[in-house]
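Just so you know, the sequences run in chain order R and L.
Quick note on numbering: the working numbering labels position 289 of the first sequence as 289, and the sequence is numbered without any gaps.
Quick note on numbering: the working numbering labels position 448 of the second sequence as 448, and the sequence is numbered without any gaps.
Keep in mind the hints are simulated off the structure, nothing from the lab.
Ideal placement from N, C-alpha and C gives every residue a C-beta, glycine not left out.
There could be a bad hint or two in this list.
Cβ-to-Cβ under 10 angstroms is the rule here; a few derived chain R residues that face chain L [claimed, not checked]:
| no. | residue |
| --- | --- |
| 1 | Val104 |
| 2 | Pro107 |
| 3 | Glu109 |
| 4 | Ser257 |
| 5 | Glu401 |
| 6 | Val403 |
FRET-style restraints, in silico, Cβ to Cβ [as the list claims (entries may be wrong)]:
| no. | chain 1 | residue 1 | chain 2 | residue 2 | range |
| --- | --- | --- | --- | --- | --- |
| 7 | R | Phe46 | L | Gln581 | 47 to 55 angstroms |
| 8 | L | Arg283 | R | Asp425 | 15 to 23 angstroms |
| 9 | L | Gln246 | R | Trp157 | 36 to 44 angstroms |
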Amino acid sequence: MGKNRTIIAPATVPGRGGVSIIRMSGELSKSIAEGMCGELAEAWRFKRCSIKSRGGSKIDDGMVVFFKSPNSYTGDDVVEFHCHGNPTIVNLVVEEAVNRGAVVAEPGEFTKTAFLNEKIDLVQAESVADLINAQSKTAVVAANSSLSGQFSEQINWLLDGIVKARVVVEANIDFPEEEVDGSVLESVKEELQGFHAEINKLLSRVKEGVKLRDGYSVAIVGPPNAGKSSLLNLLAREDLAITSEVPGTTRDLVKTSVNVGGVLIEFVDTAGVRHNPEGPIEEEGIQRSKEAIKKSNLSLLVQDATSIQGFDVGLGDSLTVLNKSDLLEGEFSNEDNIFYLSCSTGEGVEELLRALILRLGIDEGEETVFLSRQRHEISLRSGGLFLEEAIMSLGEGQVLELVAESLRSSHAALGDIIRPMSADDLLGEIFSEFCIGK
Amino acid sequence: MDKYDVIVIGGGHAGIEAADACSRFGVNTLLITHDKTKIGEMSCNPAIGGIGKSHLAKEVDALGGLMARATDKAGIHYRVLNSTKGQAVRATRVQTDRELYKNAIQNFLSSSANLTIKEGSVVDLDIDDSIIQSVITEKGERLFSNSVILTTGTFLGGVMHTGLEQSSGGRMGDPSSDKLAQKLRGLNLKVGRLKTGTPPRLNKYSIDWSLLSPQPGDTPTPLLSYTSLASERPEQLNCYMTRTNQTTHQVILNHLDESPMYSGVIEGVGPRYCPSIEDKVMRFSERDSHQIFAEPEGLNSDLIYPNGISTSLPLRAQEELIKSIKGFENAKIVRPGYAIEYDFFDPTGLKHSLETKTISGLFFAGQINGTTGYEEAAAQGIMAGINASLRATNQEAFELQRDEAYIGVLIDDLVSLGTKEPYRMFTSRAEYRLILREDNADMRLTEKGRKLGIVSDLLWKKYQDKRDATTQEILRLKKYKLNPNTPEAKKIKEQTGECISKNISLFEMLKRPKVLHSHLPQGKIPLALNAVDEIEASVKYEGYIKRQKIDIERLQRNENTPIPQHIDYEKVVGLSNEVKQKLSEARPGSLARASRLPGVTPAAISLLMIYLKKERQAVG
């Protein structure tokens with residue numbers, strides 16, 4: 001089926017349900033899968049296996065199945081990994097395949113390949129076009145929203161730095177007879193080392209799960225001592241907010257990001273709002289709560305199920321959580337916007353999260369958000385590797401054109417994240433920086 | 001009836017290569033030019049090559065063209081630039097004797113088979129049903145051909161500026177082709193305006209050479225052409241260098257209001273990389289000095305070309321400016337510098353074959369397409385010549401891709417993106433720079449040229465010898481194992497500091513940065529220098545080249561998916577109006593070319609791919 005690139009993407013929504021399926025299509029599929037899982041069973045048969053990284057460490061136990069071309073979804077060789085439904089595991093499997101030569105699929109690329117290989121008939125062509133368009137739009141939104149302001153600021157800073165280095169290197173190459181300051185070249189190595197360190201820092205933060213994007217934000221509000229902080233702690237499974245029996249303990253906003261179905265949601269714990277605030281500090285906290293509500297996509301109004309109080313701050317879109325359901329006697333059941341839950345036993349939290357996902361409309365864009373995040377990470381990593389190569393070349397006294405080549409590759413990789421740059425743009429930078437021309 | 005297979009209009013560097021390529025191809029060709037004695041004239045500085053440009057010149061040479069061979073017959077000062085920065089960016093720059101160059105070109109052309117050269121001025125083109133039919137000269141002669149190449153350079157609507165004085169013309173002393181310009185303006189092709197300039201020429205004997213620093217050429221002296229012999233080269237000269245100073249800069253500032261550029265008279269866009277001295281002083285005011293190369297115009301010429309001070313100030317100011325420079329205190333200006341504004345045709349109106357999209361059989365090459373430089377012109381000339389010949393013999397167009405040649409980068413940049421300033425080649429424009437080297441232009445192109453029938457037996461033999469020697473030598477390097485503690489290993493350690501701790505092939509040894517081919521035990525048959533270059537580059541850069549090859553392969557699929565010329569983009573489902581408009585205007589020939597257009601997203605390419613597939617299925 002020709003030399004299609006080998007593409008990979010989760011076929012199921014990551015983080016949902018017990019099993020995630022990751023699909024890989026293209027001529028390298030089989031060899032990549034064999035590198036990760038050992039020899040595969042005959043075509044169309046499942047094999048139980050450990051999925052391993054290149055270093056030999058186990059990523060997950062799961063199953064793998066090989067669909068031989070042309071009898072597969074796309075018509076090319078296809079491999080499916082069935083692993084545990086954990087976003088981190090899905091992430092690692094995709095990453096490993098990419099390390100071995102696969103690329104993360106473009107929006108609609110599997111379907112497109114299927115169409116081009118005549119696995120889907122002519123009548124469906126237009127729906128394929130629609131699908132690609134729809135997914136690309138979501139991808140654009142997702143790509144934008146998967147970058148938090150801070151993250152893109154750092155990438156921009158890195159790009160600026162690498163462009164500056166390239167300007168010096170390329171000017172040295174393209175204008176050797178001009179008086180391009182050679183001493184500038186010497187400082188380049190040091191600067192590149194700084195950028196490389198920064199990329200590694202960014203990468204480790206991405207790995208730790210710190211959000212790349214300004215995604216969804218949910219404010220937790222309610223009267224004092226209803227258990228807002230306990231709910232946050234339950235969601236985060238960490239003691240982040242100080243909880244105590246004294247009403248009005250949480251004066252500052254406490255934020256934490258929780259991975260819900262593969263998507264990060266930022267929960268903002270606010271101070272309890274009362275009719276008669278005691279003193280200026282609490283008043284300030286209340287003001288901040290109101291702002292947090294304004295900035296969030298949705299609010300969770302937390303009430304003590306045993307003593308529901310009046311709460312007259314404008315909420316916008318909201319769900320009501322009745323906490324301390326374990327202390328209630330008699331029958332109770334969730335209604336449209338009302339959820340019973342116990343922060344001390346954890347009962348009811350699953351239902352709440354499901355409702356949240358529905359309510360935030362995460363459902364549709366989720367997969368593409370996951371993928372664009374993955375692409376960013378991959379671009380960042382390969383940008384870092386090429387930068388390392390450039391630094392090594394400089395250290396070994398390699399010829400300048402090899403340094404230039406590594407920098408070009410690094411620039412291209414990082415540029416994929418936010419702003420690609422043409423050769424002519426770079427020349428423009430050179431001409432504005434140096435007095436070129438005899 | 002005067003009927004030719006191909007008519008070439010213009011005897012500049014594009015026209016020369018176009019006419020010569022046609023003649024080698026074997027089609028009946030006519031070259032029309034104002035003045036036969038000016039064929040091969042170098043109207044700017046008499047130098048060929050330099051970074052990116054030497055690559056183009058060698059590629060033209062590898063396809064059998066004239067430029068490099070003529071350069072070696074006229075080269076009086078050779079330098080290899082970037083010799084320490086890597087093989088791909090290494091570039092030969094040759095200072096030439098203007099007269100010798102012109103003579104060499106004219107001699108080559110006069111012995112070309114199938115070529116008629118005619119003096120005349122073309123004033124009209126006869127176009128019927130969007131196909132070129134004939135050209136009409138000022139004497140009313142009608143010359144017939146269905147393949148016409150226009151290489152009229154800056155002669156279209158040219159205006160020269162010296163200070164605030166203007167005159168019409170394409171080069172000092174030559175009339176501009178106004179009538180033809182008018183005709184072309186009526187053809188519904190997009191026209192833009194550009195600007196370029198030259199420095200004043202100085203009298204050699206009026207310069208105090210003892211105050212300038214000499215710049216000798218390189219030894220051993222290289223050659224530009226794959227087929228030239230060292231014995232063809234004339235005697236070698238030195239170049240000299242001096243600098244501007246603060247007085248010079250003050251003179252310029254004092255006269256700035258008389259500069260046509262700064263007073264707003266000139267509207268054309270000048271090149272960013274070749275600024276006038278006015279520009280340099282204004283834009284880089286922190287610099288108190290700029291370098292000037294005093295380049296001889298020829299062995300017997302009294303003229304000196306002071307490279308670095310292109311200017312359009314009035315003569316009086318130019319005199320003052322020159323006198324302020326060390327060594328030029330008593331220098332006499334023989335010809336003042338000037339700026340020239342001229343028309344060019346937006347090259348996005350061309351196909352990759354350099355044929356216009358709207359008029360069949362009409363080809364454009366050289367400065368008319370917005371480029372600058374002899375080498376850029378020659379590269380387009382040879383391609384237009386090949387394609388006009390192919391058209392005349394009903395064959396498919398010949399194109400070079402971005403990973404095959406700088407010629408491919410040049411033409412693809414022009415026809416896909418157009419240009420806002422005079423386009424000049426730089427190595428940073430080539431994404432596959434490591435593959436496109438001076439040393440392997442023949443490896444990349446000569447076989448293609450031979451297939452077209454435009455490569456001489458001499459070049460073909462040299463190419464085959466080099467190709468076979470290279471293959472043999474690489475085999476030897478892979479087979480030959482070095483053992484530790486042998487005299488050979490010790491010798492390498494002495495020379496390079498590289499230790500050999502276990503058996504290792506010469507091939508692996510050569511991958512180490514400090515090890516050169518000359519450090520290794522040699523084979524029985526001595527290798528030509530350019531074969532050694534080719535071997536070193538392909539061994540040392542193996543990893544990088546592999547990486548670039550993967551990129552290229554990925555693009556290849558799209559490169560090989562043609563888009564029919566008459567596709568109706570309105571019918572492609574899902575494309576945004578903006579993308580539809582862009583594609584309809586540019587009419588890219590392949591998916592890869594479509595993907596390089598600014599604003600065309602991967603999703604749009606997918607949609608296009610699906611549409612094309614659907615169309616094919618519907619037809620099949």
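Against the structure, the hints:
no.: 1; hint: Val104; verdict: 12 angstroms, violated
no.: 2; hint: Pro107; verdict: 7 angstroms, holds
no.: 3; hint: Glu109; verdict: 7 angstroms, holds
no.: 4; hint: Ser257; verdict: 30 angstroms, violated
no.: 5; hint: Glu401; verdict: 3 angstroms, holds
no.: 6; hint: Val403; verdict: 9 angstroms, holds
no.: 7; hint: R:Phe46 / L:Gln581: 47 to 55 angstroms; verdict: 50 angstroms, holds
no.: 8; hint: L:Arg283 / R:Asp425: 15 to 23 angstroms; verdict: 19 angstroms, holds
no.: 9; hint: L:Gln246 / R:Trp157: 36 to 44 angstroms; verdict: 38 angstroms, holds
Checked against the numbered hints listed earlier, the structure breaks hints 1, 4; every other hint is satisfied.
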